[in-house]
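Single-letter residue listing:
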Amino acid sequence: MFQRRAKVEFIDAKSYPRVVRGADAAHFVSTLKGEDASRRANRAVLARTSQLRDAVLDYVNALEQAARAGDDAAAFGEAHEIRGLAGTVGLVAAGTVANGLCLYLDALAQRGQSADRAVIMLHVDAIARAARAQDEATRLGGKVAAELASLVAHKLGDDLDIAAERSKT
Amino acid sequence: MGAVTAAAFDYLKALVVEDNAHMRALLRSLLHALGMKQVYECNDGASAYNELRERKPDFVLTDLSMKPVDGIEFTRMVRTGQDSPNPYVPIIMITGHTERPRVEAARDAGVTEFLAKPITVQNLLLRIGEIVDRPRAFVRCDNYFGPDRRRRRDENYIGPWRRQDDFKDDLAIADDLDIK
Numbered sequence: 483m484f485q486r487r488a489k490v491e492f493i494d495a496k497s498y499p500r501v502v503r504g505a506d507a508a509h510f511v512s513t514l515k516g517e518d519a520s521r522r523a524n525r526a527v528l529a530r531t532s533q534l535r536d537a538v539l540d541y542v543n544a545l546e547q548a549a550r551a552g553d554d555a556a557a558f559g560e561a562h563e564i565r566g567l568a569g570t571v572g573l574v575a576a577g578t579v580a581n582g583l584c585l586y587l588d589a590l591a592q593r594g595q596s597a598d599r600a601v602i603m604l605h606v607d608a609i610a611r612a613a614r615a616q617d618e619a620t621r622l623g624g625k626v627a628a629e630l631a632s633l634v635a636h637k638l639g640d641d642l643d644i645a646a647e648r649s650k651t
Numbered sequence: 024m025g026a027v028t029a030a031a032f033d034y035l036k037a038l039v040v041e042d043n044a045h046m047r048a049l050l051r052s053l054l055h056a057l058g059m060k061q062v063y064e065c066n067d068g069a070s071a072y073n074e075l076r077e078r079k080p081d082f083v084l085t086d087l088s089m090k091p092v093d094g095i096e097f098t099r100m101v102r103t104g105q106d107s108p109n110p111y112v113p114i115i116m117i118t119g120h121t122e123r124p125r126v127e128a129a130r131d132a133g134v135t136e137f138l139a140k141p142i143t144v145q146n147l148l149l150r151i152g153e154i155v156d157r158p159r160a161f162v163r164c165d166n167y168f169g170p171d172r173r174r175r176r177d178e179n180y181i182g183p184w185r186r187q188d189d190f191k192d193d194l195a196i197a198d199d200l201d202i203k
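Chains as they are written, first to last, in our numbering: chain A, 483 to 651; chain B, 24 to 203.
Everything labelled a hint here was simulated from the structure, so no lab data went into it. Certain hints may be false.
Claimed, not checked - List time: in silico BS3-like cross-link candidates among lysine-lysine, alpha-carbon distance up to 30 Å: (1) A:LYS515 / B:LYS36; (2) B:LYS90 / B:LYS79; (3) A:LYS496 / B:LYS36; (4) A:LYS496 / B:LYS60; (5) A:LYS496 / B:LYS79; (6) A:LYS637 / A:LYS625; (7) B:LYS36 / B:LYS79.
Claimed, not checked - A few chain B residues that face chain A, going by a derived Cβ cut-off under 10 Å, partial list only: (8) LEU53; (9) VAL62; (10) PHE82; (11) TYR111; (12) ILE117; (13) PRO141; (14) ARG157; (15) CYS164.
C-beta: ideal position from N, C-alpha, C; glycine also.
Produce the entire structure from the sequences given, and follow the hints as far as they go.
Next comes the structure, spelled out in structure tokens:
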């Protein structure tokens, strides 16, 4: 509830310097929207794809180590790097599952609860398989990602139910 | 690329703030591929703030999670720091965090645009286009300075109106505005 007078100053976009000035702005934007810009940018991504996939595999190795050691904070850190990079270089399922693992670990950390080892290991295994797969079907494992997301939703729901039951007793 | 636009890409200065060296290199390559020659890089918010003072970039691409100073704190420093060299500089936050509280915290620090990881060429070009084509109005109030967080007006909005500007057609109400 606000008890005092609202003081809000609006500053029009015209009153501070533009990123690109005058006539250049329209040309700039139309160039950005053009096929040539997108082709050149995609070429830049392609040139780095192999190197970035290797980097993702390094993160996957580190994730497996962290998970085996039961270090959830380190596992979160590695999964976070994977979710950031993997999708950009075509490792979509690895990125999606890594994001699911991050959301799971983050939700539990915020509740002050500990993670289920089996859930972590299922995610880590799926991430590793998807990232290392040579065939596209495995690499794109959307079904696996969806099933793991559903498992996490159930687990988080179960954990909430257990916490609610405990609070009653 | 036409001569006018080539010049625009030429003189634009971008600052990339990202602690992951691979992502930083990728962003640099992407910006260079677009023709931007002046791309500066930092791996955390503190060094980025110094670079901002030194290089005076036209826009910033920053990650959220970095140590010791993350993207949210960096944005807050840029927007409200006493010695901020450019509180209006567009800040595009690149984040893999899909957790709502973090995104809201970044928005409330004054981020201009969000770019979700994994980044795609299409989304990056869209966000850069947005900051050039549709610069945001800024808002200054007791607890916020930054781009207007309301992007669009909903004609069907039926909730309470809280801003003086919401009543700009009725100055009498605006003068008496004392929200409780």
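Taking the hints in turn, this is what the structure says about them:
no., hint, verdict
1, A:LYS515 / B:LYS36, "holds, 20 Å"
2, B:LYS90 / B:LYS79, "holds, 23 Å"
3, A:LYS496 / B:LYS36, "holds, 20 Å"
4, A:LYS496 / B:LYS60, "holds, 26 Å"
5, A:LYS496 / B:LYS79, "holds, 19 Å"
6, A:LYS637 / A:LYS625, "holds, 18 Å"
7, B:LYS36 / B:LYS79, "holds, 8 Å"
8, LEU53, "holds, 5 Å"
9, VAL62, "violated, 12 Å"
10, PHE82, "holds, 6 Å"
11, TYR111, "holds, 4 Å"
12, ILE117, "holds, 8 Å"
13, PRO141, "holds, 3 Å"
14, ARG157, "holds, 8 Å"
15, CYS164, "holds, 5 Å"
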